[in-house]
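Each step along the sequence shown adds one to the number in full-length UniProt numbering, with nothing skipped, and position 117 is 117.
Errors might be hidden in some of the hints.
Unchecked claim - Simulated crosslink set (EDC-like; lysine to aspartate or glutamate; CA at most 16 Å straight-line): (1) K5 - D30; (2) K116 - E60; (3) K5 - E22; (4) K116 - D31; (5) K116 - E63; (6) K5 - D31.
Please keep in mind that the hints were generated in silico from the structure rather than gathered at the bench.
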Amino acid sequence: MPVTKHQLARALQTATHIADREQLAAFILDDATAFAGNPFPNLTAGAALQTWRTRAIEFEGAEIAWAGLGCLLRALERMQTREPLVQEILRTAPHTLYLFHRGDGCSIVGAVLHGKPRQPLPAAISPARAVRPKRSRGASRQLDLFDLSIA
1 MPVTKHQLAR ALQTATHIAD REQLAAFILD DATAFAGNPF PNLTAGAALQ TWRTRAIEFE
61 GAEIAWAGLG CLLRALERMQ TREPLVQEIL RTAPHTLYLF HRGDGCSIVG AVLHGKPRQP
121 LPAAISPARA VRPKRSRGAS RQLDLFDLSI A
């Protein structure tokens with residue numbers, strides 16, 4: 001039997017290890033949010049960890065705002081790599097939420113909400129945690145291997 005939006009939102013609200021649980025649950029319950037196509041609903045904790053570590057790097061490079069990613073990565077790192085998970089995908093036009101549970105719809109491992117590049121998250125999501133600060137690149141000088149001048 002498929003899990004409903006209300007079941008997922010209630011379960012997410014009780015997941016105290018997820019800092020943004022109230023905001024993520026509010027996104028799920030929004031009338032505009034709907035379940036999306038899910039080609040790979042069943043996966044392992046190891047596969048999810050590898051996928052979301054890569055996405056964390058991509059999100060930073062593409063300036064994609066997110067919420068919940070740090071909590072998801074920490075939860076996945078504590079799990080056995082072969083532990084089975086179920087992935088739920090919920091979407092509005094500009095935002096997508098991926099939620100992972102242990103197959104019962106109640107035991108939530110984590111959830112990530114993200115938008116598109118340079119687009120903010122919904123107003124209910126705290127921007128202080130949603131966007132990573134940019135790293136200062138500073139003035140770096142490239143070494144010229146063919147420079148013949150001696151300093």
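We went through each hint and held it up to the structure:
no.: 1; hint: K5 - D30; verdict: holds (9 Å)
no.: 2; hint: K116 - E60; verdict: holds (12 Å)
no.: 3; hint: K5 - E22; verdict: holds (14 Å)
no.: 4; hint: K116 - D31; verdict: violated (20 Å)
no.: 5; hint: K116 - E63; verdict: holds (8 Å)
no.: 6; hint: K5 - D31; verdict: holds (10 Å)
Hint check: a violation occurs at hint 4 only; the rest are consistent with the structure.
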